[in-house]
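With the hints as your guide, set chain B onto chain A.
There are 2 protein chains.
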Amino acid sequence: MRFTSETSSDGVFEQLFLLGDIPGVLWTPRGADGTRPLIVMGHGGGQNKKAPGIVDRARRFVAECGFAVVAVDAPSHGDQPEHEEFTRIATEYEARLDAGEGLAPLIAGFQALVVRQIVPEWQTVLNAVQKLSHVGIGPVGYWGVSLGCVIGVPLIAAESRVRAAVLGLGGAEVSAETAARITVPVEFLVQWDDERVPRTQSLALFDAFASKEKTLHANPGKHGEVPAFEIDSTLRFFARHLG
Amino acid sequence: MRFTSETSSDGVFEQLFLLGDIPGVLWTPRGADGTRPLIVMGHGGGQNKKAPGIVDRARRFVAECGFAVVAVDAPSHGDQPEHEEFTRIATEYEARLDAGEGLAPLIAGFQALVVRQIVPEWQTVLNAVQKLSHVGIGPVGYWGVSLGCVIGVPLIAAESRVRAAVLGLGGAEVSAETAARITVPVEFLVQWDDERVPRTQSLALFDAFASKEKTLHANPGKHGEVPAFEIDSTLRFFARHLG
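Sequence lines, in order, name chains A and B. Position 2, counted from 1, in the first sequence is what the working numbering calls 2; the numbers after and before it change by one each time, with no gaps. Position 126, counted from 1, in the second sequence is what the working numbering calls 126; the numbers after and before it change by one each time, with no gaps.
Next comes chain A alone, as it looks inside the complex (with noise of 0.2 Å):
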C-alpha cells in the first residue's frame, strides 16, 4: 500500500494511495490513533472516489463520529484506467436506458463482472486498510447507491466483517437475488420520482432484503436529488449499528 499524497483540513486527514493498481482513498480523523469503525464508500456511475457526494459524507462520518472512511475508483472511473468490459456495458446499459429499453441482456455480465474484479479488489483494500494503526480491525459499515449499490450488495453479501449498509437508488432487476443473502441491517434511499429506477423497482428490492431490521426513506426528485437531511440519518444509522 503506497500513499502518493497526504492532506489535513478542519481535523480530517487525507491519504490518497494504490493498493497494487488500484486507486483509493483514506479519511480518518487528524491524529488519530488505534482501532476504529470503517465505512467503505461505493461512487455512482461515471463518478469517482473523490465526487462531491462521497467526499461531503466521508468527512462528516470521520469529523462527526470518527470513523475512517475508504473509497476506490470503480473500473473505467477516476484513477482507475480504462477497463473495456466494465465501459461496453456501461455505455449498452445507457444506450437501453434512454431507449426505455430493458436491461436484462446485460445484468448477468455485469453481475458476473462485479463479482469477479471488483469486490475481489475491494476486499482487498479492506484488508489492507484494516491494517493500518489508525485504522484496526472495528466494525465495518458500507455507503452506496446507484452504481455503489449494485457493486455494494455482492460485496456485502460476500464480506462478513460489513456489519451495517447504507444503499440505494437501485432495482431488484439487478439485485435482487444477492440482496436475499444479505442480513445486517440496512437503510435504503429511494427517490420517489427517479427517472433511472422504476419505483417498482426500488420498491422491490427494498423487499428483497433479508434484513431483519431494514428501513426505506423515499423522498420526492429525480435519481440526483437525494436531500441533504438524509445525510444527518445515514450518520445516526451508523452511529447506532457501528459506534
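No wet-lab data here; the hints were simulated from the structure. A hint or two may mislead.
Said to hold, decoys possible - What follows is a set of in silico ranges between Cβ atoms, one per label pair, in the way DEER data are often shown:
#1 Gly11/A to Asn127/B: 42 to 52 Å
#2 Gly34/B to Ser5/A: 46 to 56 Å
#3 Gly11/B to Glu195/A: 45 to 55 Å
#4 Gly136/B to Ser133/A: 53 to 63 Å
#5 Pro227/B to Ala108/A: 31 to 41 Å
#6 Asp98/B to Gly46/A: 44 to 54 Å
#7 Gln123/A to Gly221/B: 31 to 41 Å
#8 Glu173/A to Asp21/B: 52 to 62 Å
To be verified - With a straight-line Cα cutoff of 16 Å, these simulated EDC-like cross-link-like pairs (lysine to aspartate or glutamate) come out:
#9 Lys212/A to Asp193/B
#10 Lys212/B to Asp193/A
#11 Lys131/B to Asp33/B
#12 Lys212/A to Glu225/B
#13 Lys50/B to Glu14/B
#14 Lys222/B to Asp207/A
#15 Lys222/B to Glu213/A
Note that the Cβ used here is the ideal one computed from N, Cα and C, for glycine as well.
What follows is chain B alone, placed relative to chain A:
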C-alpha cells in the same frame, strides 16, 4: 379550560384538562414559561390520549426539545362519552376489515364526522392551549398514525398553524383527496407488512401529499410494530421544522 390534575416527573409537567366537555392532556417542561413549539398528537383507534405510545413520545418532545404537547381523546375513546355514530362506523370498519370487504361505503360518512366534529374540537383545544403563558403562539406540529392519521389529514388541511406533520399507517382510500391540500413537510410512516392498510394504499397516500418536502419511512412489521428508532427520527424532524 379547567385543569383537573397536575403532576410532574423527570422534568415533565403533565396537566389533565377539560375544555367544555373535551378531555385532554398537556405536557410542558416543568417550570417553563414563554412561547414554545406545540405538538398536537392524535392517538390510534382503541387507544386514548394517554396511550403508552403517545405518552412516551410526548415526554421526549418535552424533555429533549422543550416543546409543549397536547393530546385529546377522540369520540368514544378515553374519557369521551360514547358517540353513537363514531362507534357504529368504527365497529363496521373492523367487521369489514376482518371480512376483507372494501371500506368505501364507510368513508364518506366517517370523513364528514371528522370534519364536522373532531377537527373543530381540536382547533378549539389548540386555541385554548396557545393562550396559556407556558405554551404561547409558537409553531405547531402534528403527530398521528392510524386513526391519528385519519383525523390529522383533514385537521392539517384546515389548520394553517400546523407547519410540519408526522403521519402514517393510513391509506389513500380514506385520506388522499384531502392530503392533496397539504403542503407542509410530512414524515410518513409505513409498516411494510401492515395487516390493516394495504401497501399500495399507503404508498398512494404518500404520493398524494402536495408537500414539496415529504419523506416516507417504511419498516418491516405489522401495523402496531413501528420500530423505536423512528421516534428519534420524529424528534429530529420536528426540531428541524419547528425548533
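Handout entry: Hint numbers not upheld by this structure, sorted from lowest to highest
Key = The structure conflicts with no hint, since it agrees with every one listed earlier.
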